[in-house]
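Mind docking chain B on chain A? Use the hints.
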Amino acid sequence: MAANKNMLLKKLDYSILQQCMHCGMCLPTCPTYMETKRERNSPRGRISLMRAIADDEMELSASFADEMYYCLGCLACVTACPAGVDYVELFESARADAESSEVQGHGMRDFWRWLTLEVLFMRPRLLRSLGMVLRWYQQMGLEHMVRKLKLTMILPKKLRDLEPQTPQMARSFSNELIDEIESPTGSKKYRVALLTGCVQDLVFSNINRDTVDVLLANGCEVVTPSVQYCCGSLHGHNGAPHLARELARRQLDMFDVGSLDAIITNAGGCGSHLKHYGHLLQDDAVYAGRAAQWDAKVKDIHEWLVEIGFRKPTSGCGTVSATYHESCHLCHGQKITSQPRSILSSIPGLKVTELPESNWCCGSAGIYNITQPEQSAKLLKRKVEHIDSTSAETVVTSNPGCHMQLVNGLLSKPESSCHKVSQPVTLLAEAYRNEVSSPL
Amino acid sequence: MAIAASEFIDQLGKLLGDTEVLSEAEDLIPYSFDGTAALKQKPWCVVFPRSTDEVAACVQLAAKHQVSIVTRGSGTGLSGGSVPLTGSMVLCLVKLDRIIEVDAENLTLRAQCGVITKEIDDAAAKHGLFYPPDPGSMKISTIGGNVAENSGGLRGLKYGVTRDYVMGMTVVLPSGEVVWLGNKCVKDVAGYSLKDLFVGSEGTLGIITEVLLKLLPRPMARRTMLAMYDTMEEAAETVSAIIAAKIIPCTLEFLDQMTLKCVEDYSKIGLPTDVAALLLMETDGHPAAVEDEANRMLDIAKKHGAREVKMAKDDAEGARLAAARRNAFSALARMKPTTILEDVTVPRSELVKMVRFIRETAEKHKLLIGTFGHMGDGNLHPTFLTNEKDTEEMHRVEIALGEIVDKTLELGGTVTGEHGVGLAKKAFLRQQFGEGSYQLLRTIKFALDPQKLLNPGKIFD
Chain A
1 MAANKNMLLK KLDYSILQQC MHCGMCLPTC PTYMETKRER NSPRGRISLM RAIADDEMEL
61 SASFADEMYY CLGCLACVTA CPAGVDYVEL FESARADAES SEVQGHGMRD FWRWLTLEVL
121 FMRPRLLRSL GMVLRWYQQM GLEHMVRKLK LTMILPKKLR DLEPQTPQMA RSFSNELIDE
181 IESPTGSKKY RVALLTGCVQ DLVFSNINRD TVDVLLANGC EVVTPSVQYC CGSLHGHNGA
241 PHLARELARR QLDMFDVGSL DAIITNAGGC GSHLKHYGHL LQDDAVYAGR AAQWDAKVKD
301 IHEWLVEIGF RKPTSGCGTV SATYHESCHL CHGQKITSQP RSILSSIPGL KVTELPESNW
361 CCGSAGIYNI TQPEQSAKLL KRKVEHIDST SAETVVTSNP GCHMQLVNGL LSKPESSCHK
421 VSQPVTLLAE AYRNEVSSPL
Chain B
1 MAIAASEFID QLGKLLGDTE VLSEAEDLIP YSFDGTAALK QKPWCVVFPR STDEVAACVQ
61 LAAKHQVSIV TRGSGTGLSG GSVPLTGSMV LCLVKLDRII EVDAENLTLR AQCGVITKEI
121 DDAAAKHGLF YPPDPGSMKI STIGGNVAEN SGGLRGLKYG VTRDYVMGMT VVLPSGEVVW
181 LGNKCVKDVA GYSLKDLFVG SEGTLGIITE VLLKLLPRPM ARRTMLAMYD TMEEAAETVS
241 AIIAAKIIPC TLEFLDQMTL KCVEDYSKIG LPTDVAALLL METDGHPAAV EDEANRMLDI
301 AKKHGAREVK MAKDDAEGAR LAAARRNAFS ALARMKPTTI LEDVTVPRSE LVKMVRFIRE
361 TAEKHKLLIG TFGHMGDGNL HPTFLTNEKD TEEMHRVEIA LGEIVDKTLE LGGTVTGEHG
421 VGLAKKAFLR QQFGEGSYQL LRTIKFALDP QKLLNPGKIF D
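Residue numbers (the numbering used here), protein chains in the order written: chain A, 1 to 440; chain B, 1 to 461.
The hints are simulated quantities; they were obtained by calculation from the structure and are not laboratory data.
Everything hinted at is true.
Cross-link-like lysine to aspartate or glutamate pairs, in silico, DMTMM-like; alpha carbons within 25 Å at most:
(1) A:Lys378 to B:Asp27
(2) B:Lys158 to B:Glu291
(3) A:Lys10 to B:Glu26
(4) B:Lys14 to B:Glu177
Residues of chain A clear of chain B, computed beta-carbon distances all greater than 12 Å:
(5) Met140
(6) Arg171
(7) Val306
Owing to the predicted nature of the structure, the values given are computational and were not obtained by experimental measurement.
Virtual Cβ for every residue (Gly too), placed ideally from N, Cα, C.
This is chain A alone, in the form it adopts within the complex (with noise of 0.2 Å):
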């Protein structure tokens, strides 16, 4: 079992193991190293143990496989690295060796990853059922009145201590808000698609509206297909890879990607693995040049407004101060820091704060406050302190994932001045409302 030759580590070009040559750059950005101060928990020391496991002189043991999935993914290693060491690479064929060695045990483990993985993010029309039975869970005060008389308590702890964290299903969804074509009142100068995400149509579709509004005030037409799949990031980064594959062809058969100027997405940890198809389909002969051209025409909304030179708007957007938490994978993933910067700072009357340790993983990371729910809570904490001493009143972050974490954050900390989580492009879309309100 452990021996397995067909271990990604093993197959893996063993100069992506040799380009790490440990010099601790990576050490202080690490947010579990500087939790625990153990090299195990860094990413050099990760990388040792992804090594030796190619080289044979370790077997790859449970140990292991919780290291892998202690790593929160947060990428702030690869900013740091001035080797240029592919993490994402090295991690994900980790974390996908550590599924197929099955060394973590059976049970429960494996039936939520089969729910999830398997069935749920691979049918979108079923993941927007659940969607609909758990918003009328919640607007029919069930969910309040399950709380109230403790009735929780019939739930495994695990689940029960999770459940507070359920998020809030939106009125609507993102089809239910967005024509499948919507085009400028003004000149069409662009063609783009949207992608809506998961957790984002269901829980963020307001934040879809208002990219879609964004779009249409500078220009660009927007496609929007009703039904849309999971980018598969999820199934990347836990060790699924033949998912992530599966779902990335279906992603390029829903577009026709010629007749797009851009492929739009508005959540950083989608957006990170998007803009990568064409490595994870270089093998197959049917997709691999259309996965190529597919990652040129991904853009992040805030990447491609600011590339189009959008337009400023001329009122205010309501708030009056903010601070930027970057999400991972925009900020470390994409590289894209400044961009949703410029934004912020292009609406009048809007006084933006930088928020210290701005690029420090909030906890969230994809689904890591679920499986880790401990170190999740350390690194909220951290953030919402950080959030605090800027007395913003609100933080605005553009991932939904780091969306709900700021939101649970928050209500932790009632005192704080800040009670509010937004997006760079929900504050855009309320600036270009207000001039049609109240124009100059």
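Just chain B now, with coordinates in the frame of chain A:
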């Protein structure tokens, strides 16, 4: 070694608590190396004491059972000084991480050994003070590691090295006894300067658990500039001319074209990559003096063939340039799988010869060598870009390295300016020292550590 590993580990667990003792393979492999290429060895165990007393207790236990001790901070050393030995206990001191006192009246700072170097300077800055030594790894290296290795940095030319800032320390001796050496007095000639014995001792004489450091007033102004050259010799000549003009800038850093390309590839701050050499020059101090020195350095650079000289527009840009330079070594790893860093240092007057020799050696042996370094203090870092799995090429690297060492010593230089001897430079030490002084090293070592418990096999056998 009479005791079994498991029993020793049990006893350590009783001393420190089980969570502070690591012994599983998954925990030890990440402690089997430091920042040095191609050296690794698993220890028996890794322990995390939290106080001088706990360090002393661990040392006593190890001494009792004759288990060798390898002390380590963040493991960023570049000579293999903290690479473990078989059957050793790694004493990892990162949890002794408290700054104890900043004394603004006496200009001193007292800290535990595990405090990060940059945090020392940050703490000093809050009082308008300055801790000058700034090794490349200052964002993560520990002050204890810096003292044990006598680390240098980018400001050595004007401000010297770590040794020049150590006023006192707490040391745990190989017997487990704890001693305090030094004080806050600027002048002190009471007895031998024992603290100096431990600075740069690479964990072979004692374990430094606390340090008292000298601080300076923070410079009021700073100017950074870049001079670009078509030949490395012109850059080296500029350095000699600046020093001959009686200017002591805080930084005169040199990067060759290969290093520049790698650094720019990583940092993307607009460094030129079409020049043969670049000098990063910085002057600090009183604003008027800084202005004057900056202008004179600019003139000298132009006179000595600089194609272009650019001034950083503000402190932030200057800091970005210095930060990019600090990443030079790691950035060179982009080119090839294995990066072997050298640390040869020559008297400044011999710089041009040394730089030329390194280039010729690379050509002769058909090797890739990227060179950068602290040109102002004659400290060069020729870096071999190779592949440890290519035995034929590694053999040529070894020959070239030997030739570079020979030339360095012929020019009156030293095999290591700031990285220490550890394992990496051990083979060359006798050649540099000569018999008499080499024996003196051993005499001192065995007087303090007769059982050879502390980092045995490092520096010399």
